[in-house]
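Student: Next come the chains, spelled out residue by residue.
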Amino acid sequence: MSVKALVSRPVIRRLSALAAIVLAAAGPACARRQAAGPSNDLLVVAYDREPDTLNRFSTHILEDIETCIVEGLTTTDDKMNVVPLLASEVPTLENGGVRLRADGGMDVWWKLRPGVAWHDGKPFTSADVKFTVEALNNPSYKPESTDGFDRIASVETPDPLTAIVHYREVYAPYAIQFVRGCFPRHVLAGRDIDRATDYNRNPLGTGPYRVAQWRTGEHILLERVPNYWRGGGMPRIKRILFKFLANTNTRINQLRSGEAHLTALLPWDKLRDVEQVPGLVVHRMMGNAYEHITLNQKSVPAFADVRVRRALAHAVDRRMLTRTILNDLAPVIDGPIQPLSWAYTDQVRRYDYDPGRARALLDEAGWRDTGRDGIRERDGRKLAFTLITQAGFTIRENIAQAVQRQWREVGADVRIQLQDGTTISARWFEGRFDAMLHWWQMPSDPEMTLFFAADRVPPAGRNINYLRDEALTQVLYASDRTVDLVERRRLLQEAQRRIAELAPEIPLYNITRLDVVPARLRNFRGNPTNTGIFWNVHEWEIGR
Amino acid sequence: MSTPRVRRVRPQRAAGRVAAALLLALIVLAAAAPAIAPYAPEALDLAHRRAAPSPGHWFGTDELGRDLLTRVLFGARVTLAVGLLSALVAAGVGVTVGAVSGYAGGFLDSALMRFTDAMLAIPRLPLLMIASAVVDPSVPLLILIVGLAGWMESARLVRAEYLTLKEREFVAAAHAAGARSARIIVRHLLPGAVPSIVVSMTLAVGRGMLLESALSFFGVGVQPPTPSWGNMLYQAQTTMTSEPWLALFPGLFIFLTALAVNLIGDGLTAGDE
Amino acid sequence: MPRLLVQRLLQAIPLLLIVSLLVFALIHAAPGGPLTLYLSNPNVRPADIERLRRALGLDQPLWQQYLAWLCAFVRGDWGYSYADGRPVLDRLLERLPATLELIATSMALGALVALPLGIVGAVRRHGWFDRLTTVLSFAGISLPVFWFGLLLQLVFAVTLGWLPSSGRSGMGGGGFVDRVEHLVLPAGVLALVHAAAWSRYLRASMSQVLRQPFMIAARARGVPDRTLWLRHALRNALIPVLTVVLLDAAIMVSGAVVTESVFAWPGVGSLFTESLARRDYTVLMAFLMLSSCAVVALGLVADLLYGRLDPRVGGDPS
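Chains as they are written, first to last, in the numbering used here: chain A, 644 to 1187; chain B, 42 to 314; chain C, 33 to 350.
Hints listed in this document are in silico derivations from the structure and should not be mistaken for laboratory results.
Cβ coordinates follow ideal geometry from the N, Cα and C atoms, glycine included.
Be aware that one or more of the hints could be misleading.
What the hints assert, rightly or not - Which residues of chain B face chain A? A few of them, derived with a C-beta cut under 8 Å, are: (1) P82; (2) L85; (3) L87; (4) R90; (5) E104; (6) L105; (7) D150; (8) S151; (9) P265; (10) Q276; (11) Q278; (12) T279; (13) S283.
To be verified - Here are the simulated EDC-like pairs of lysine to aspartate or glutamate, each with C-alpha atoms no more than 16 Å apart in a straight line: (14) K785(A) to D109(C); (15) K773(A) to E737(A); (16) K754(A) to E799(A); (17) K941(A) to D1098(A); (18) K785(A) to E82(C); (19) K1025(A) to D1006(A).
Said to hold, decoys possible - Computed far set for chain B versus chain A, every beta-carbon distance over 12 Å: (20) G106; (21) L153; (22) R228.
Modelling step: build the complete structure from the supplied sequences, incorporating the hints.
Tutor: This is how it looks when you write it as structure tokens:
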């Protein structure tokens, strides 16, 4: 008699009974859930992360949620134009809003829109503008950045609707100085803003929405404010729920199940998953960012030779990469300034796929395959380097592997290394890498000095190519000091041509945005800049 | 009870033998990958991405048009080495620490167990990130890291078994007969803990194979384009519904390996009956 | 037992000290720091970074930073998060309930499945049921959690529409039913992964115990089978299982990182991932001290339970 024969039958029978009970109990619950579709009552956004803070000046992530609450003096529209928001017009030289002073400084006259009030009913005035500048320049506050604010000497407030900003020097991107809005002086005056949790978690703004609820780790619920200054029944959508869903697949599953209605910046390789979902449309728009490979001349001496850089550019079949791996969703581009920008020019040197030319250039530069192992050498050193890129981005990992193969074809030995985002940032800032595959979001005002001027190599700037070109540097600085648009455009186009000649980095493709929105959403316009898609949320409406 | 026992052991031993043959076959295939793989492991064919299985590509092709069968064969080299050897490292360290701790008791036990606690308390993630920043990733390093990340469970298990076993009569008898501690630990106590150790090891093989793919994420694991079953599976989550074979084949091989190791272990313990 | 308790608490002090020192060194050795995020804005200059470093005390020698942290920590001042400026303790405590809820449910479910599977597997070793569960449990072990989770979402939320795909509650917090519905998938995934492993341990140790002479003797004395298996064998076989269960629990207190991420579960695991990416040193330290305490506490529980299950161990387990 074996041990086993004795127990098992009753046990198994009991198990089956238990399973049956569980299933029976689950039965009634198993009706298909009715996921509420998008409506003017509620729009659910699948958002990729939880904000650290809703203070627009402190946060380190995109300000999508803040955009619905706190309004800037200006904003950037879907054509990348700077348009007035809480200001009644954008100050320019022509309309007299900008005046250059004899001492090299400049004054900007901001005229505020009358009749705008904070959500608590207190009027929005020039005193808030002045307070904001002072708060940001206060060394005890730690905002994400003090761009431009540190060049402001003082703010004058002759009346509640006029703020005169006195800059110490000419500052070309002045028009987007207050794109993040203002602090309410009556709430924050005299306080430690870093620790002002009440404001940072539920900021007082002038925008169409305010925070109704923030459940940590789960979601933020916005509700519309009763008397939005635009009137006209705006905003039309009553509540917007931002769900925090860090995992991309999870986000997509929420869209597919109807639990969420909208998501921004869909990765290209996920398009197939949402295209077919009924009730959703994918809004495609060229972005103001570009993917490129930085070649660090400091760490790889071979990159100091322009022939090597040009050879590497010719060796990459960018058209092939975008056609296959990117499913033709993003166009090939040839420089840092994107076609959307007013400063863009396509009259630059192009590096079409030409492996023959690449080999000839490398031969000319003295890199030859003397060892007959397929890898080129010069002075006993192999043409070998490491390409780093951020882990967890399938497309980027695939692009890196394809580029690796294509470079191998012309005799360069490339090793790929994936790293986590923060490590990449740290190495980026210190210029501690050979080559890097990454993207950069350009500001709507196309300032490039920081990335290409000879004296802006780390730590003084972000010239991580370690390119040192005197002519380019002069043009770039001249463009920074020019407020006149026509002249500034000419200078920036000259800079683009020079950059293309020098090929300090290999531009690959434009970061084209895919935003998934409900098919019934009206007045969605998208936005190519960091302003994000919610810039015109007050106009949104769910149709029938 | 002798008749049923004999009947019972035989099929199990047979299953164990089949499993051993399977594992051996996998190892041989992995070793012979360069000779038998139909394509070069890194040969891209962007025109034929994500092709379904066909006579030309038995397992289909991946995101970059590479032959999946070839990549599974080459992936076996990293995955099997890391999975099997790291489990051995973990078991070796764990059994030693646990046995000494459980048998000795007193101060030594306290010290070793608090050390084990400390190792348990230090999370892997930052450890791995730092490792990736400091050292160059390599397979031996991976084996070591995965192994050293997983020995604590065996240590606790073996100690727990020893605590009960050493109170049994036969240990006292061995002591009385003048046996040395080392002999008691190995000869008299270890066999009692074997079933748990075997389970722990077989589970460690499966976990090790998966942990390797998590490590690639931090730049410690094998870097692309070198394949491993784990990173192939990880990559395939994008195509879960549209091209299931991209996940199916590496997943299947991970499963078969884990199962084979288990059956071998089962066969070994069945032999004790 | 009080003696054991006191002894363990005393041992915990140097342990926590050493772990804190190691962990402190580790997270500071990781590339980047709390200020790395500021770098993503190109207009931030080295001077700004320097100023912030000084303001936050990050420019001091590491040992001084450690001592400062230690002194504050001992006094109960766990500092402020670098990410949002809120007290670290608040951030940790608001995440803990979600994690505890997930652990408790998944472990209970896991045990519920593992116990019968393990027992039947042992007493009917190599029977068809045993073979089937062996194959299934190894499928469970070989399937990565992220995969398993996404698969369940596809089936139960997208295709069938029975359950919410992720999150902990519906809008506004939801009622009890809503909470349970949200809990089913993440807890189910973890429970199955646990059950797969635990049932293997139980099966192995139980079949070992069943072969012991005292079991055979007990049956010869006429002890009924059910009592024999559930009282005597199970009790003895539980020791390794208990070890593993408590170990898993200790590890899970620091969050089931992958499960929480796949199911957007607002527990400490996702806080940890986030804080690690931002190098939020204060949150990381507090979090790691919490997980160390869990390891110590559950280790103690294990030792106490050994004594109860097998009175012979009771004497002096330390």
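Student: So, for every hint listed, does it hold in this structure?
Tutor: Status of each hint after checking the structure:
For P82(B), the interface hint is violated, since its Cβ never comes within 8 Å of a Cβ in chain A; the closest pair sits about 11 Å apart. Interface restraint check: L85(B) against chain A, minimum CB-CB distance 5 Å, threshold 8 Å, status holds. With its C-beta approaching chain A no nearer than about 4 Å, L87(B) sits inside the 8 Å limit, and its interface hint holds. Annotation: R90(B) was flagged as interfacial toward chain A, and the flag holds, the nearest CB pair being 6 Å apart, inside 8 Å.
Interface restraint check: E104(B) against chain A, minimum CB-CB distance 6 Å, threshold 8 Å, status holds. Because the smallest distance between the Cβ of L105(B) and any Cβ of chain A comes to about 6 Å, under 8 Å, the interface hint for this residue holds. Violation of the interface hint for D150(B) is found here, the shortest Cβ-Cβ separation to chain A being roughly 35 Å, above the 8 Å cut-off. At a threshold of 8 Å, the smallest CB-CB gap from S151(B) to chain A is about 37 Å, leaving the interface hint violated.
A least Cβ separation of about 5 Å between P265(B) and chain A falls short of the 8 Å threshold, and the interface hint therefore holds. Taking 8 Å as the C-beta cut-off, the interface hint given for Q276(B) holds, the closest approach to chain A being about 6 Å. The beta carbon of Q278(B) comes within 6 Å of a beta carbon in chain A, closer than 8 Å, and the hint placing it at the interface holds. For T279(B), the interface hint holds, the least distance from its beta-carbon to any beta-carbon of chain A being 5 Å, beneath 8 Å.
About 6 Å separates the beta-carbon of S283(B) from the nearest beta-carbon of chain A, less than 8 Å, and the hint is met. Pair hint K785(A) plus D109(C) does not hold up; C-alpha atoms about 22 Å apart against a cutoff of 16 Å. Between K773(A) and E737(A) the alpha-carbon distance is near 24 Å, which puts this suggested pair outside the 16 Å criterion. The hinted pair formed by K754(A) and E799(A) meets the criterion: a straight-line CA distance of about 12 Å does not exceed 16 Å.
Straight-line distance between C-alpha atoms of K941(A) and D1098(A) comes to about 14 Å, which keeps the hinted pair within the 16 Å bound. With a C-alpha separation of about 12 Å, the suggested pairing of K785(A) with E82(C) holds against the 16 Å cut-off. For the given pair, K1025(A) sits about 13 Å from D1006(A) by alpha-carbon distance, which is consistent with the 16 Å threshold. Not every CB of chain A is more than 12 Å from the CB of G106(B) (nearest about 8 Å), against its label as outside the interface.
Residue-level check passed: L153(B) sits 34 Å from the nearest beta carbon of chain A, beyond 12 Å. Every CB of chain A lies more than 12 Å from the CB of R228(B), the least distance being 27 Å, so the non-interface label holds.
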